[in-house]
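S.K.: This is what each chain is made of:
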Amino acid sequence: MFSSAAFAVDQNSTKPNPKLAEMIAAKDESGKAIMGPEEQTYFNGLNDNLRELLNQAVQKETITRPEHLAALLSLQLRPQKMELVLQNNCLLCHSDSANHSADTLFTLTPAPGATPSHMNLKEVVEDVHFRRGVSCAGCHGGDPTADLGHAHVKEWPEKDRDKNREWIVQFCARCHSDPTFMHQFNPALPTDQLAKFKESPHGRTLLEKHDSRAAQCVSCHGVHGIRPAKDPQSKVYARTVPETCGACHADSKVMAGFTRADGSPLPTTQLAEYRLSVHGQALLGRGDLGAPACNTCHGNHAATPPGIAGVSRSCSLCHSANASLFDGSKHKQAFDRNNWSECAKCHGNHTIAKTNDSMLASGKGSLCGDCHREFAKDNPNCIATADYFRQTITRIDEARNNFSAISEKLAAKGLDVEPISNQLTELTDGLKKSRTHIHSFSRDNFQQVALPAEQAVQNTDALVKKAREEYNSRQVGLAASIGLIGLLMLTIYLKLRRLEKPGE
Amino acid sequence: MTLAGSRMGALSFLNKKPDMNGPGKGGGLLGWLDRRYQLTALTEFLRHKEVPLGSHWMGWYYLGGITLFFFIVQVVTGVLLLMYYQPGETTAYESIRFLTTKVPFGWLIRSIHSWSAHLMIISLVLHMFSTMMLKAYRPPRELTWVSGYLLFLLTLGFGFSGYLLPWNKLAYFATTVGTNIVASVPLLGSWLLQVLRGGQDVTINTLYRFFAGHVVILPLAVVGFIGLHIVFIQRQGMAPPLGAKVAPRGMKFFPSFALRDLLLWLACLMVLLALAVFLPYGPGIPGMDWELGQKADPLAPAYPGIKPEWYFLWEYQLLKEFPPHLFGLEGPQVCLLLIALMFGIWGLIPWLDRRVRRDQPSPAFSDFGWAALLFLTYLTLLAWDIGAGAASGAGDELTALRNIARVCAWWTLGAGALVIVVRYLRYEHRWFLLSGAALLQVTLHGLVGLTYLLAGVISVVLAAVWIVVAHFVGSRTDRRSET
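Taken in sequence, the protein lines are chains A and B. Position in the first sequence counted from 1, then plus 128, gives you the working numbering. Position in the second sequence counted from 1, then plus 29, gives you the working numbering.
Next up, chain A with everything else stripped away, as it sits in the complex:
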């Protein structure tokens, strides 16, 4: 029986009708309450509107069992979301395990393998469409407020819609390509996804070659748990994009038979390479959302290989200074002549490693040295310039590391290291610029930024010397003070001895 003491509700709030009250107080065969304490607390906190909706749902028998009610309350949804759930008869019916088998039942605890992955009750209530009020009928048709009825939309293929996925893009585009319709929900959202998709290799494979292995909307966005791209739980959130793309592109079975433009098989090593790369480590390791994922270089709905010319364009989106210096260099012409991809030639593509100064080495097996020995044999200046770059940068870098360590020690000794820190900032800035200006491959251009850095090295050196002198003078001052105090102590001690000499 329902116990009023169990619910600390306001006297004015809507009371549960007898049916609902009975469900709330129901116990299982072992005498244990079906509603757990968390569900009871959640129920106690519901506002009048939600209580009334629950009363109505119980009255209309869209909620008939205490277990079903407990499952819904256990979602602990915010009032707005709970309101949507309680007004959605489709969801209420399809979340009651007494009415549906695993294929059509939204469940709280999907059994792996036994339950379709898209029938997750927790996910569907988080879906961006559901939250904006599109809900089930938006895609499936029918009337969510009606008690029964399954008038599904006509756009769905009658047969084989799981095997032939071409219909999906057109189906989503009904709304997403309609600017007027989309404006009601999110005016900032583009509506050109289908147009872009059609031009992409994914789109061409699916729509022209009718190969349903190609990715379409649900491959990347999911089905019932679709979230905005900025939601960290979204399949297209920046940190998740590599996994989402890799679901197909790292799977050799899925990718079997797909080829590049030159006819060679499309590799499946990109995800593994990306994970090891400086970009992958920044995005996946450190969570730096500024680091590029697959779509940053390849695009989203129009995802495509960038091509030789496109590589530098992709890189220059972030590394604009390097790209602009390269464009003005002699290398640009040489690379164009040889049809080499600009950045990727030295840095690679998916497996871009963190750069280091040894790349400038001129010996055998080095990046600069090997290339120049092969392609610029008649120009000894090139190797000399590379050597100059490397020596200068190494000198500045070593000075910075050395002075940083010295600065910390001096600070611990209580010396004012602010001027040193300022110079170190200039030095670091100069070092960064110098590394960037290597891409000009010009000694003059490089010197414009390297010389101030070298000047900062000299300034720091002078400041460190000054600080050390200051510390030495402190020690000398201390020694002199201790000497004077010691002398005074000795005098007092001798005086005491003379005063306390027996017989005096």
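It is worth saying that the hints were derived from the structure and are not from the lab. Please note that the accuracy of each hint is not assured.
Derived list of chain B stretches under chain A, where covered just means 3 residues or more per stretch with a C-beta under 8 Å from a C-beta of chain A [to be verified]:
| id | segment |
| --- | --- |
| 1 | 287-296 |
| 2 | 496-505 |
Keeping only pairs whose Cα atoms sit at most 27 Å apart, straight-line, the calculated DSSO-like set for lysine-lysine is [said to hold, decoys possible]:
| id | chain 1 | residue 1 | chain 2 | residue 2 |
| --- | --- | --- | --- | --- |
| 3 | B | Lys-336 | B | Lys-349 |
| 4 | B | Lys-324 | A | Lys-541 |
| 5 | B | Lys-198 | A | Lys-629 |
| 6 | B | Lys-349 | A | Lys-541 |
| 7 | B | Lys-281 | A | Lys-623 |
| 8 | B | Lys-131 | A | Lys-594 |
| 9 | B | Lys-324 | A | Lys-537 |
| 10 | B | Lys-281 | A | Lys-629 |
Positions of the beta carbon are idealized from the N, C-alpha and C atoms, including for glycine.
Assemble the complex: chain A is given as a structure, and chain B must be docked to it using the hints.
M.R.: Just chain B, lined up with the frame of chain A:
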């Protein structure tokens, strides 16, 4: 004549009236001053003043003077700091930064001020415990103890208020946590917090209050109590060893004792200078680190590992050991009541120690002093952590805390055992019940794994039962021997 009576004539020179027609002592300036201020009487007093020599180590007599020396250093360096310090939201931190980086010897002044503050508290604590162990608080010197005890509290106030003045990140959050404790005071808590902070939160208004307290209110109070403390000592003389019925052999205060004092002060100055130059930001242990760091930002989130200065660590740890609720009160409230009770007992020791009032040895109170030291040591080590948490490499916090408690317990037990052995062999002490109870609590908490409070209750109850039974058995034995 009793020892107290022999001192009644001290400071009688204060009653002398000027004798403008008198001869004065000598001519010149001294004679001129003497005729007006009767300096001869003062010098006569100093000439005859003696320091009692007894069975205990003479060194304990110098601790008060050393504390006074550090206080003088605090005043001098404090005044110098005041010449540059500007309290204010945009000036407090900046002025200290300017002082330490740009002003010649500014770094040295701040470093000496900070070192001297900590050394003053160390010497003050040693002075207080030596007075306690030697029973120098016994009649007629109860008020000397009370004035010294109040000076101790005022000095803690100095430490707490001075900590906030640089307006840096560490100070800001430590003061926020520290002042929050006041909120647990029953009934008056929120009002007291408001008064202390000058608002709901620690703001620049709090800084103004702390500044006024640190440079005006507390110095006035401390100077007043130091004056009182010294007048009491001059009036009654230094306490002779316990049991001395007649004036013991003495050392001339002037010049013998005064010159020794001066020697020690100079040695302290030497150590102070060396520490200030070689470790300008402190030794780097928790609660003894005064690197300026970043400016306070009330909007920034508090960072983990905020700890108060080392002399507040035991209170900080004790608060952590209390559960959220106890006996129908909030845990911190009960803890504050306990701390207030402990401080109250400490201040009233001269009246509680009834045996020593009859000039008899009171081993229970000696042991009480040692138990208090062990109690403070264990809590301080727990709060300090002494590296045990990190060294254990424990992943979860609970295991790390257990490791810290175990390591700190071993250290405290080691120190406690050493103290007991030395007291037993060197000083022939035979009463160890309270220090034993303190060590039992350490064992039950640190090694057995009971909660700190449960371990404390068990230890206190066992000690109380022991005392009652011993008293009962003792009374029966006495009655039998009488019959």
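S.K.: Now, for every hint given, state plainly whether the structure supports it.
M.R.: Evaluated hints:
1. For the segment 287-296 of chain B, the proposed coverage by chain A is satisfied: 6 residues have a C-beta within less than 8 Å of a C-beta in that chain, meeting the threshold of three.
2. Residue count for the segment 496-505 of chain B with a Cβ under 8 Å from a Cβ of chain A: 0. That is fewer than the three needed, and the coverage hint is violated.
3. Restraint check for Lys-336 of chain B and Lys-349 of chain B: satisfied, since their Cα atoms lie roughly 12 Å apart, inside the 27 Å limit.
4. Of the pairs offered as hints, the one joining Lys-324 of chain B and Lys-541 of chain A holds, with about 20 Å between alpha carbons and a cut-off of 27 Å not exceeded.
5. Pair hint Lys-198 of chain B plus Lys-629 of chain A does not hold up; C-alpha atoms about 58 Å apart against a cutoff of 27 Å.
6. Taken as a hint, the Lys-349 of chain B and Lys-541 of chain A pair is broken in the structure, with Cα atoms around 35 Å apart against an allowance of 27 Å.
7. Straight-line distance between C-alpha atoms of Lys-281 of chain B and Lys-623 of chain A comes to about 15 Å, which keeps the hinted pair within the 27 Å bound.
8. Taken as a hint, the Lys-131 of chain B and Lys-594 of chain A pair is honoured in the structure, with Cα atoms around 14 Å apart against an allowance of 27 Å.
9. With a C-alpha separation of about 22 Å, the suggested pairing of Lys-324 of chain B with Lys-537 of chain A holds against the 27 Å cut-off.
10. Proposed proximity of Lys-281 of chain B and Lys-629 of chain A is supported: the alpha carbons are some 14 Å apart, at most 27 Å.
When each numbered hint is compared with the structure, violations occur for hints 2, 5, 6.
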